[in-house]
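Peer 1: Chain by chain, the residues:
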Amino acid sequence: MKFAVITFPGSNCDRDVYHVTKEVLEQPTDMIWYNDKLDLSSYDCVILPGGFSYGDYLRAGAIARFSPLMESVTGYAKDGGLVLGICNGFQILLEAGLLPGAMKVNDSLKFVCKYTKLKVINAGTPFTNRYSKGEILNIPVAHREGNYYIDDEGLAELIANNQIVVKYLDDEENPNGSVVNIAGICNKEGNVFGLMPHPERCAESILGDGSKDGYELFASILDYVNKRGEKCG
Amino acid sequence: MKWKVRIEIMLKENILDPQGKAVKGGLNALGYKNVADVHVGKYMELIIADTDNQEDVNKQVDEMCQRLLANPVIEDYTFQVEKMEG
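The listed protein sequences derive, respectively, from chains A and B.
Taking this note's numbering, the leading residue of the first sequence gets 3, the next gets one more, and so forth.
Taking this note's numbering, the leading residue of the second sequence gets 79, the next gets one more, and so forth.
Check each hint, because a few of them may be wrong.
Said to hold, decoys possible - Here are the simulated DSS-like pairs of lysine-lysine, each with C-alpha atoms no more than 30 Å apart in a straight line: (1) Lys39/A <-> Lys121/A; (2) Lys112/A <-> Lys111/B; (3) Lys112/A <-> Lys82/B; (4) Lys80/A <-> Lys116/A; (5) Lys102/B <-> Lys116/A; (6) Lys90/B <-> Lys112/A; (7) Lys39/A <-> Lys24/A.
Unchecked claim - One side of the interface only, derived from the structure: several residues of chain B facing chain A at Cβ under 7 Å: (8) Pro96; (9) Gly98; (10) Met122; (11) Asn149; (12) Ile152.
By construction, these hints were calculated from the structure, which means they are not laboratory data.
Glycine included, every Cβ here is placed at the ideal spot set by N, Cα and C.
Build the full structure now, drawing on both the sequences and the hints.
Peer 2: Given below as structure tokens:
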């Protein structure tokens, strides 16, 4: 399978994601510059990495969503392509309207950088199929604007459609004050997924607590694409 | 014709504003015990040139707020348009 990793001005996790998909997962991966407007249909998954695109000016992700390549990403997502947004990538997906809701500044007003315990709520997505429902993961966060907000009506819809994919384990583990401890959500169709924690930072046993919990997320995408290929073939 | 536009963007009223809460705590700690609530927002000024009709300016700025300057999911905005001399 083939990954695309997008670099915006101010992205700083693009190389880490590239390392995981290219070197750890051993899959062909292209890094794509935000200013290109190109057809993404030859890729099996497009990843929007973390960082501070456009300096987080105005609101995190607000300006990046108008970069030329985001038009391609939007078309790609609408055609059913797999899109993963990590941290700032998640914020961009929200601003672009590819996922519902919005980000506020953390309740603590602080930048939080630490391991958090997550609970898998939906293990049926292309991004989480190697986890099991209810499984506890240890994946680090690093953000100041990760306080996910959605109104009651929107929340009811998320729950009804099983769009909440991962939550922080409980109120105590929640690093930002997000609504019902949400850490990551997908769209109704399940092909667009955004999360605040950084799976690319714990995809090898040499890093962090050695759990490799993040690796399984990228491996889930690979499994999903391979299985889909078998079905089509 | 040139127009000066002043835009105020605030978190919607029913949304908890952690920044405002922190500033209120600071003011209360300084002894201003009568400060009951604080909301922190954003203020922007735009100069719009080459537009003759104020209605067109209003319409354009409203669109700008919807599309980029505010996030309508969590923020409300208001703006004033004033004709500039010269």
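Peer 1: If a hint holds in the structure, say so; if it does not, say that too.
Peer 2: Each hint tested on the structure:
With a C-alpha separation of about 37 Å, the suggested pair lysine 39/A and lysine 121/A falls outside the 30 Å cut-off, and the hint is violated. Restraint check for lysine 112/A and lysine 111/B: the C-alpha separation of about 25 Å stays at or below 30 Å, so the hint holds. A hinted pair counts as satisfied when its Cα atoms are at most 30 Å apart, and lysine 112/A with lysine 82/B does not qualify at roughly 35 Å. Between lysine 80/A and lysine 116/A the alpha-carbon distance is near 34 Å, which puts this suggested pair outside the 30 Å criterion.
Proposed proximity of lysine 102/B and lysine 116/A is supported: the alpha carbons are some 28 Å apart, at most 30 Å. Restraint check for lysine 90/B and lysine 112/A: satisfied, since their Cα atoms lie roughly 22 Å apart, inside the 30 Å limit. The straight-line distance between the Cα atoms of lysine 39/A and lysine 24/A is roughly 23 Å, inside the 30 Å bound, and the hint therefore holds. For proline 96/B, the interface hint holds, the least distance from its beta-carbon to any beta-carbon of chain A being 5 Å, beneath 7 Å.
Among the interface hints, the one on glycine 98/B is violated; its C-beta lies about 11 Å from the nearest C-beta in chain A, farther than the 7 Å criterion. Below 7 Å, beta-carbon pairs count as interface contacts, and methionine 122/B has none with chain A, the closest being about 9 Å; its hint is therefore violated. Residue-level restraint check for asparagine 149/B holds (minimum Cβ-Cβ distance to chain A is 5 Å; threshold 7 Å). Contact between isoleucine 152/B and chain A, as hinted, is supported at the beta carbon level, the nearest pair being about 5 Å apart and thus within 7 Å.
Checked against the numbered hints given earlier, the structure breaks hints 1, 3, 4, 9, 10 and satisfies all the rest.
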